[in-house]
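Residues in the sequence shown are numbered consecutively from 17, following the numbering used here.
Hints are not guaranteed to be accurate.
[Claimed, not checked] Calculated lysine-lysine pairs in the DSS-like style (CA-CA distance at most 30 angstroms, straight line):
#1 Lys-135 x Lys-156
#2 Lys-163 x Lys-250
#3 Lys-209 x Lys-257
#4 Lys-156 x Lys-89
#5 Lys-89 x Lys-257
#6 Lys-156 x Lys-207
#7 Lys-207 x Lys-135
#8 Lys-209 x Lys-250
By construction, these hints were calculated from the structure, which means they are not laboratory data.
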Amino acid sequence: MKRKALILFAVIVLFVSCVYTERFDTERARYLGESGDIVVTLNVAEAEECGAAALLPQSDIVKRVDRISLSLKSSGEGAFGITGIANGLLSSTEVGTVLIWDPGFVRAGESPRYYENRKMALKTGSLSDGIVLFTTENYKAEYDRLKGSGNAYIPLHLWNAMESSLAALYVANPENIMVPGVDIPQETLQKIKSVLLFLDDADSSFSLSGEIQMHDEDGARTLCTLLRNLLVQKIRREGGKLDVRALSGIFTYDGSLLRISGYSVSYDEVRMLLTKEFENASI
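Hey, can you work out the whole structure from these sequences and the hints?
Right, dumping it as structure tokens:
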């Protein structure tokens, strides 16, 4: 049965009760996923400060974890497989101890050692001190990729930009992307090379910005027009006031690059987006 992947956040609480003081490696998240996969990262500490942590289960997670990053891999028919890491004050020894004593998990493998919750089809273990790995996919394959020195999916300069925001999304050659309030047609998706989106706090709402790299200028022009039209339709549905000059600056393009700046997104839209997408997680 498909279950909401948001419960992954709650599961992490089972093994974040420890205190570890060494600096943790957030750049490991650059190795999550491969072409076509959606990678989302969330600064949990900042989410707590601005009140956005209300979108997460209310538990010790906001006290023990500083960043959560997820890779969503399409597994067909609208379902996703999930691999993620939690960065924070997490000791490998105590994580293992908690999982050993948790009745929902059984030891499933050695070298690397990991545990499985068969009811949820979730495998988890320590990647290293400060990093917990969890996945619905092949645990050893994901562990080896994140431990290896191969090519990262996300370039370093892009990851640095992603870390500076409350939340961020990256995908290269997407089969699907998540943009609150926007449904992008499949024929347009096929013309996208990469997407980089940032979500930041804007007091009573969120501000969405970023870049969409198309294969050519014609694709950028077409997508820009589509997004502007969808935004106008949204404002009219909600009975808002149209400010053509302001709206024209939200979606712009230069050659094959489309830019998004100052697109306002409500808390409810983000909550609905998370629910919609994670309901399709194959756990």
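For the pair we were handed, Lys-209 and Lys-257, check the Cα-Cα distance against 30 angstroms.
-> Answer violated: Lys-209 to Lys-257 is near 34 angstroms, above 30 angstroms.
Agreement of Lys-89 and Lys-257 with the hint, judged by alpha carbon distance not exceeding 30 angstroms = This hinted pair is violated, its Cα atoms lying about 39 angstroms apart.
Below or equal to 30 angstroms on CA atoms is what counts here, so check Lys-207 against Lys-135.
-> Given pair Lys-207, Lys-135 is violated - Cα atoms ~39 angstroms apart, limit 30 angstroms.
Pair hint Lys-209 and Lys-250, alpha-carbon separation not exceeding 30 angstroms = Cα-Cα ~26 angstroms, so holds.
Straight-line Cα separation of Lys-163 and Lys-250 no greater than 30 angstroms?
-> Since the Cα atoms of Lys-163 and Lys-250 sit roughly 44 angstroms apart, the hinted pair is violated (cutoff 30 angstroms).
Given the hint that Lys-156 pairs with Lys-207, test it: the Cα-Cα distance must not exceed 30 angstroms.
-> violated, 34 angstroms
For the pair supplied as a hint, Lys-156 and Lys-89, is the alpha-carbon distance within the 30 angstroms limit?
-> holds, 16 angstroms
Between Lys-135 and Lys-156, is the straight-line Cα distance small enough, at 30 angstroms or below?
-> Given pair Lys-135, Lys-156 holds - Cα atoms ~19 angstroms apart, limit 30 angstroms.
Checked against the numbered hints above, the structure breaks hints 2, 3, 5, 6 and 7 and satisfies the rest.
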